[in-house]
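Student: Chains as they are written, first to last, in the working numbering: chain W, 1 to 342; chain C, 1001 to 1619.
Keep in mind that the hints were calculated from the coordinates and are not lab data. Remember, predicted model here, so these are calculated numbers, not experimental data. Hints may be right or wrong, so weigh each one.
[Stated by the list, open to error] DSS-like, lysine-lysine: derived pairs with alpha carbons at most 27 angstroms apart:
no. : chain 1 : residue 1 : chain 2 : residue 2
1   : C       : K1422     : W       : K49
2   : W       : K292      : W       : K225
3   : C       : K1446     : C       : K1489
4   : C       : K1396     : C       : K1479
5   : C       : K1422     : W       : K14
6   : C       : K1485     : C       : K1566
7   : W       : K151      : W       : K222
8   : W       : K342      : C       : K1396
9   : C       : K1206     : C       : K1005
10  : C       : K1187     : C       : K1109
11  : W       : K342      : C       : K1253
12  : C       : K1525     : C       : K1575
13  : W       : K49       : C       : K1109
14  : W       : K14       : C       : K1446
15  : C       : K1541     : C       : K1575
16  : C       : K1406     : C       : K1470
17  : C       : K1479     : C       : K1467
18  : C       : K1258     : W       : K49
19  : C       : K1206     : C       : K1167
20  : C       : K1187     : W       : K49
21  : W       : K49       : C       : K1406
22  : C       : K1422     : C       : K1470
23  : C       : K1446     : C       : K1418
24  : C       : K1422     : C       : K1446
25  : W       : K342      : C       : K1208
26  : C       : K1122     : W       : K5
27  : C       : K1208     : C       : K1187
28  : W       : K342      : C       : K1168
29  : W       : K342      : C       : K1206
30  : C       : K1470     : C       : K1485
31  : W       : K49       : C       : K1446
32  : W       : K342      : C       : K1575
[Unchecked claim] Covered by chain W, per the in silico footprint, the following chain C stretches (three or more residues, Cβ under 8 angstroms):
no. : stretch
33  : 1227-1234
34  : 1443-1449
Ideal placement from N, C-alpha and C gives every residue a C-beta, glycine not left out.
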Amino acid sequence: MAGEKANRIHLTEKDYQGAPSTMCKGCGHDAISASIIRAFFESGIDPRKVVKLSGIGCSSKTPAYFLSPSFGFNAVHGRMSAVATGANLGNHTLISVGVSGDGDTSAIGLGNFCHMMRRNVNITYVIENNGVYGLTKGQFSATADKGTVMKGGKVNDMPAIDLAELAITMGATYVARSFSGDRKQLAPLIQGAAAHNGCAILDIISPCVTFNNHEGSTKSLKYAKEHLDPIHDLDFIPYFENIEVDYEEGTDTQVELHDGSHIILHKLRRDYDPRDQMQALQALHSAIAEGKFLTGLIYYDPTRPEFTAEINLPENPLSQLGQDILQPPAELLDQINAQLMK
Amino acid sequence: MEPVKINDLNICVATENGSGSASSNNILFKAIFKMGIPCSSKNMFPSNIQGLPTWYQIRASAEGYYARKDVIDVMVMFNDATAAQDIHRVRDGGVILYDSTTLLPTHLKRDGVQYLGIPANKLVQELVPASPLRTKQRNMLYVGALAYLFGIDMAVIEEVLHDTFGKKPAVIESNLVCIEAGYKSMKENGLAQTIARLAPIPNGNKGKIVTEGNTACALGAIYGGATMISWYPITPSSSLAESMEYYLPRLRKMKDGKNSYAIVQAEDEIAAAGMVVGAGWTGARAMTSTSGPGLSLMNEMIGLAYFAEIPCVFFIIQRGGPSTGLPTRTQQADIQLAYYSSHGDTRHILLFPHDMNSCFDLARRSFDFAERFQTPVFVMSDLDLGMNLWSSDPLKLNAEPFDRGKLLTAEQLEQWEKQGKKFRRYFDYDGDGIPYRTVPGNPNRKAAYFTRGSGHDADARYSEDEKDYKETLDRLRRKFETARKYVPKPIVEMTEGVRTGVICFGSSYEPTRDARERLRVLGLKTNHLLLRALPLTDESKKFLAAHDVIYLVEQNRDGQMAAIFKEEWPELAAKIRSVCIYDGLPATAGEITRQIRAYETQATTGAEEWREKKLIASI
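Please put together the full structure from these sequences, using the hints given.
Tutor: Structure, rendered in structure tokens:
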């Protein structure tokens, strides 16, 4: 339960909650919503400066279940990435959080998803990945592994799309994978994503307890837990806190984010620098070959400007510019008319 | 022999596309324009980059009619592939200008026309060194030949060359050499024609501009405060967005060098529409431009914007459909697709520009309508308006304040709270169906709400309740009824006692204006209504009621607009007769006149119809 402790802007964790969830009991998505609530509370982000967006599907319903004080937009199937891109262009001073599912992202919306990453749109894009279409009652999605078995015995004969690998290839600048049940890892990853100026993709294994939690499924709770392969433990240190906390020279890697916050990566069993793209892709490939879920901050590129900086938008959001700025003077139209007389 | 007509001439140039004829045709058109003669051009080009037939028609009309004319006086036969058909496109007594480098084959000879030869291939080989440029320069020869034959001043042509290629003296020179050679060839061979002459009209086009509807729409959108533009390349709408790409940096850079706009080439039309919806949701003036197939793809997003009540603007530059159809030809065949866009019960506001100034003005105002009604608004143009060159009065800015509609600021919400008024996003406070709106970034604690395309109640909460759903649908319909009072009214031209009415919209306006004059000469007086928007307004109903017969001119097969009229006023439906033109070419007065005459005379024999055709053609 949310505590009474207040954060830096005098809000309690309760202030970050949403409407009561209508997910199935035990659904991974609710755990992710709880981590989002925790992350935004811990980072002391004003929910009025956040917009929540989603597509269609079980996962896409969840923005109603966190951050009530924020504007939300439950759009159409597969197109949240496009709608979020537009919203970001309309007002780039707001923090965008997108929630999508594996059907929404990896099938119907794959093209738009790729182009959002290609543009490095500033967003925290959460994929609640369970390998199955829940809201339409149990069809395979494009992230279902080849050979995984549906409840009724149907075997999936198509290979899975690995969304983290795709994200790195397509230009996302913060790519992480986690597990819905691992709040200790997930909440700091969300905090990092929100602090990052650019396209942050969080591919979160989130078992569907109703349609994909049986023996033979590679996205069941049991299977996921048995196959998690964390690269590192991690801590998020917000910019307003002292960085010295928890940092150990030699075994820890420190990643600085755009707002001055840090992610401290505590080495587990290998050296891993998420800023090394080739290493990230290799690690992902090996994990896929071994049937494991590589989790943690897989890839991070702080150098590439996010989309609205790339296209030279002003400090004030486009949505707040007035007629004085938006309507050129009539004299300029006269000049154009004169050119068109030639 | 027929008398020499002054400044009444219809030239058709047949070439291969990709052969540089765009430049030569443009120079020819601009030269006639600069002589002060009212003129228009219609480019009938293929969906291809090189090697397919293309025709360019220039109509000089002393009387000031700008529609495409189907009676061709002069055929410039510069494309072997279509020559056999082209010789029959020209009227009896007309002129054919052909390449006489080789002997004209017998099958390209016909009676009743005058053949004038120019050894174009031979001349261009003498004048232009072998290079890819040679074919392009060949087309300049007919410019010179026509200049000599019809009296276009060479000094004016030089002026146009300077306006067109100002910074490239070498290009001006090489083109001029060929144009002069064409002129000389006619002169030295003593060739002449007697059908028409072009004579300068002092100050004739003074103060007129030449532009395309896509440019006028782009400028209108910029002056209307468009800030988020997302689009996907598709003919014939691409040049609208490209025109914005050209003008935005020139008109809308901020003092600190930042852009007061975002223009994004999207990955597809769905994404373009999605970005527009997202940006419109945040309060930005957002738009896209597209054509038939793009509009089909955008339908789901349009339904979302309609149901979630998000302002956004769609510029639809219509082309030949269905499917890929005729991508480079014109139609008004997406009226119903736009009007009823998306699944479920939907109806939208459509605006119909009919000339350059209304393109500019309606483009600007479309954002006001979108914000006032918190809904998608469609500006319905087409290839003829959008991509052909139109002579026009200068674009005029009406600098009225932006109408942001019922948009609540944090301060206004605070006032509401003080008055004990609760903000309910989808509640109909004013009984006009239009709710109040807040946008993300509004810091007031009561401002935020959850937007969704699924069922919702007046407080924007998810709801599958039958009462909530029906109430929402009814309110949206109420909002649409309110729009009737706001949309631009039709322009009506009425004379007492005239019992026949003609209705048209968009690019059908020019040929209809022309046709009404022809009908008048033939003894049929008509009143006129130029429709400028949907939903329909009382003015249209009164116009229907005031006449015995209404001819509704539109460029589609099924009478799409007529169906909307008939649905609106079934009691008046029987009066409406559809004049439908759907061959993909810009409508002509001749065809409109023919169809109306056929209705009027009902039982005509084949012979009579033929005579009638000739009569109409000769006017």
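Student: List, from low to high, the hint numbers that the structure doesn't satisfy.
Tutor: 3, 4, 13, 20, 26, 27, 32
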